[in-house]
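Chemist: Chain by chain, the residues:
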Amino acid sequence: MLTARRLGKRYGEKRVLRGIELALPRDGFVVVTGPNGAGKTTLLRICAGLAQPTEGTIERDAAREQVGYLGHEPLVYRELTALENLELYGRLYRVPERRERIGMLLERFGLWEARHDRVASYSRGMTQRLALCRVLLHEPRLLVLDEPYSALDEAGAELLDAQLAELRGERACLVATHDPARIEPLASGALALSA
Amino acid sequence: MTYVRDVGALARKDLLLELRARDTLPAMLLFVAAIFVVFHFALPGTPSKLETTGFLWVAILFTALLGLGRAFVPEREQRMMDGLVLAPCDRSAIWLAKSLATLAFLAAAEVVALPLYALFFHGLDGATVAAVILADLGICAVGTFLGAMAVVTRARDLLLPLLFLPLAMPIVVGAVGASVVDSPGRYLGFLALYDLLFAVVCWASFEYVVAE
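So the sequence lines, in the order shown, correspond to chains A and B.
Read in order, the letters of the first sequence correspond to residues 1 to 195 in our numbering.
Read in order, the letters of the second sequence correspond to residues 1 to 212 in our numbering.
To be clear, the hints were calculated from the coordinates, so they are not data collected in a lab.
Some hints could be false.
What the hints assert, rightly or not - Pairwise CB distance ranges, derived in the manner of DEER restraints:
no.	chain 1	residue 1	chain 2	residue 2	range
1	A	Asp-161	B	Ser-205	42 to 48 angstroms
2	B	Asp-157	A	Glu-59	36 to 42 angstroms
3	A	Thr-57	B	Arg-22	43 to 49 angstroms
Claimed, not checked - Under the rule of at most 25 angstroms between Cα atoms (straight-line distance), these lysine to any residue pairs were calculated in the SDA-like manner:
no.	chain 1	residue 1	chain 2	residue 2
4	B	Lys-49	B	Gly-189
5	A	Lys-14	A	Gly-37
6	A	Lys-14	B	Arg-76
7	A	Lys-14	B	Met-149
8	A	Lys-14	B	Val-152
9	B	Lys-49	B	Phe-31
10	A	Lys-14	B	Asp-82
11	A	Lys-14	B	Val-151
12	B	Lys-49	B	Leu-29
13	B	Lys-49	B	Ala-127
14	B	Lys-49	B	Leu-30
15	A	Lys-14	A	Thr-42
16	B	Lys-49	B	Asp-182
17	A	Lys-14	A	Glu-55
18	A	Lys-14	B	Val-210
19	A	Lys-14	A	Asn-36
20	A	Lys-14	B	Arg-79
21	B	Lys-49	B	Leu-61
22	A	Lys-14	B	Thr-153
23	A	Lys-14	B	Ala-211
24	B	Lys-49	B	Ala-33
25	A	Lys-14	B	Arg-154
26	A	Lys-14	B	Arg-156
27	A	Lys-14	B	Ala-155
28	A	Lys-14	B	Tyr-208
29	A	Lys-14	B	Val-209
Quantities reported herein were computed from a predicted structural model and do not represent experimental measurements.
The beta-carbon is built from N, C-alpha and C at its ideal position, and this holds for glycine as well.
Next comes chain B alone, as it looks inside the complex (with noise of 0.2 angstroms):
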């Protein structure tokens, strides 16, 4: 229950943080929506289905790496990690706390991404939206885990996607085939085994990504 309360109180914090700030939310909704916008324009005539699964997940997975790379700023430049690091909850609960809010704005996102993709292209089914929740779940458990990693280093900025892309591939694999094909559970249940996997680690091994 402690637990529980404590990553309620970082995952406030967060929220705050973006609705004082606001500096990710708005960057996320306005580099998304210009990614359909541009495909919309750049592909000629009449883009297939499978076509445009593929630009979907493109543009979720760079609008979340956008997101993932401001999640641990207000921490780097007020060397805030000190403070929370030092507090004596336990330390994964700073890394759910994170991944909660990330997913948050991500989601927030989407919320506008969505319906314009299917404006621009094509509708969406139950399965998308049921990838969608999945991918989401996995990108921000192992961005927010890479991101901590990666905020303490000169090369952060670079850093961040050179170790979150090749980890999201197993993502982009699971939700683009849960999209495509009329028999989704597979992939579905994939996705759910990634998330899973993953939150496992990145939860029982961030304690020592904060430690020196």
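So that you can see chain A by itself, here it is in the shape it has in the complex (with noise of 0.2 angstroms):
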């Protein structure tokens, strides 16, 4: 699904990439730690296609709309509602029977009762909850996640924690945390970056 040979990034003279290998099948689970500074994020965003290296070649058998991808932002417009935002991205991503899943997903992550809230008004894990429904809404073949626990409530927590319990196996899930141990069971793999 995704492989990266001697990958590089570098921002002007800083370099926070270097030589980076990483294989993650199909079925794929594979947990990258590190410090922070160690590019944890860049190497995220170069993987979901949102960068590009600045050395080495990355291939991803994955089109755009293949990706789901989480990062520190939770990527939702904060003066909508949680049903117009998920409808905004359903409709980009032509998500077939949209509203079921859009409802099946809040239903899930408890966020039905607030459907009709803006987002501003939303708790940070909330909107954390949120943004895992806005990546999971199109049924990616790629996880992409970027601390995905961040904000979470224990209860939220072990919501994710099912959630990719479910998608393990069938998705290929790169996941980006400084919590190892709470994933450690679900991996297929482990991408140490140094600082």
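Assemble the dimeric complex from its two separately framed chains, guided by the hints.
Modeler: Okay, structure coming up:
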């Protein structure tokens, strides 16, 4: 699904990634770890297609619509409601049976009651749950998740555990985290970056 | 058809955001009204039609600039461009939708501005209204494109006017010409040609503006 060879990235003079080798099969689950500033976010942005490497190559066997990316920002509009945000993404991703799928995800992540509220009124944890709904909405074949547990309470984290366990073996997952122990049982591989 | 639906969904989102946040349109309305009031009291005697036509176009241009400067604020503040760029829709749909939304705000501001101009200065003729419509299209097409370029830079507030105003010069030339001459056809044709040319260029190259 994803193969990176001697991947590197520079921002001007500053080198943030060097010599990364990564192979993520279709049903693989790779955990990316490393201290702050090691380049986890940059690597994930490259893998999602949001940034280009300055060295090496990356091959992605997934079109844009088959990638689900969760970054540090939830990528939802704060002045729109949860429903309006997911409707917008559902339309852009041409999700079949959009309403049913949105309803199912909002129910699963405990946001159904707040679906008509503006995201601006959500807590950080609720916003993160909505971001996860957004990522999963179009059933991507490649999931790229950057610190997906951040801001989630224990209930939210357990929901995400269950969701990832469900997806394991069916989708390719690349997850960056500071808490690898949490998803170690699901992982088929690991990539440790150093600063 | 899918392209049209994508543009519709994105433009609807922009209109909804403005309806909720009311960040752009009230500022544009206040600005354009204030400009005409200031001009009205600042000018001694009765200014000629030629002079006031110039004021009209200065007011329209800077009101548009105010709206264009805010066009990509939600995308910048919430890094929403990442989400839009990852979506499988044609990226030019983002530009077209944003241009249409900005056009709607500018048109709404002009619904107030043009009667105010007529009240304070001179009546409007059909050629001026046609020039306003054609100029709006060009302003929004080019301005939205440049707004997307400027928004990713640190000096965005400075960069947008620096890029936009030189490119808007032909619009001012065509619009003022159409407003003051007896047979404005040539100037209106010039504005239409500008709109067409720049719309095609912006549509075709927006992909490269939003890609890293």
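Chemist: So, for every hint listed, does it hold in this structure?
Modeler: Status of the hints after comparison with the structure:
1. Asp-161/A x Ser-205/B: 42 to 48 angstroms: 44 angstroms, holds
2. Asp-157/B x Glu-59/A: 36 to 42 angstroms: Distance hint for Asp-157/B, Glu-59/A holds at roughly 40 angstroms.
3. Thr-57/A x Arg-22/B: 43 to 49 angstroms: 48 angstroms, holds
4. Lys-49/B x Gly-189/B: Roughly 22 angstroms between the alpha carbons, so the hint for Lys-49/B and Gly-189/B holds.
5. Lys-14/A x Gly-37/A: Within the cut-off at roughly 12 angstroms; holds.
6. Lys-14/A x Arg-76/B: Distance ~24 angstroms between Lys-14/A and Arg-76/B Cα, so the pair holds.
7. Lys-14/A x Met-149/B: 23 angstroms, holds
8. Lys-14/A x Val-152/B: Holds: Lys-14/A and Val-152/B sit about 19 angstroms apart, inside 25 angstroms.
9. Lys-49/B x Phe-31/B: Within the cut-off at roughly 22 angstroms; holds.
10. Lys-14/A x Asp-82/B: Measuring from Cα to Cα gives roughly 23 angstroms; hence the hint holds.
11. Lys-14/A x Val-151/B: Roughly 23 angstroms between the alpha carbons, so the hint for Lys-14/A and Val-151/B holds.
12. Lys-49/B x Leu-29/B: 23 angstroms, holds
13. Lys-49/B x Ala-127/B: 14 angstroms, holds
14. Lys-49/B x Leu-30/B: Satisfied, since the Cα-Cα distance of roughly 24 angstroms is no more than 25 angstroms.
15. Lys-14/A x Thr-42/A: 13 angstroms, holds
16. Lys-49/B x Asp-182/B: 13 angstroms, holds
17. Lys-14/A x Glu-55/A: 13 angstroms, holds
18. Lys-14/A x Val-210/B: 23 angstroms, holds
19. Lys-14/A x Asn-36/A: 15 angstroms, holds
20. Lys-14/A x Arg-79/B: Given pair Lys-14/A, Arg-79/B holds - Cα atoms ~23 angstroms apart, limit 25 angstroms.
21. Lys-49/B x Leu-61/B: 18 angstroms, holds
22. Lys-14/A x Thr-153/B: 18 angstroms, holds
23. Lys-14/A x Ala-211/B: OK: Lys-14/A and Ala-211/B at ~21 angstroms, within 25 angstroms.
24. Lys-49/B x Ala-33/B: This hinted pair holds, its Cα atoms lying about 19 angstroms apart.
25. Lys-14/A x Arg-154/B: 18 angstroms, holds
26. Lys-14/A x Arg-156/B: 23 angstroms, holds
27. Lys-14/A x Ala-155/B: 21 angstroms, holds
28. Lys-14/A x Tyr-208/B: 24 angstroms, holds
29. Lys-14/A x Val-209/B: 23 angstroms, holds
Hint violations for this structure: none, all hints satisfied.
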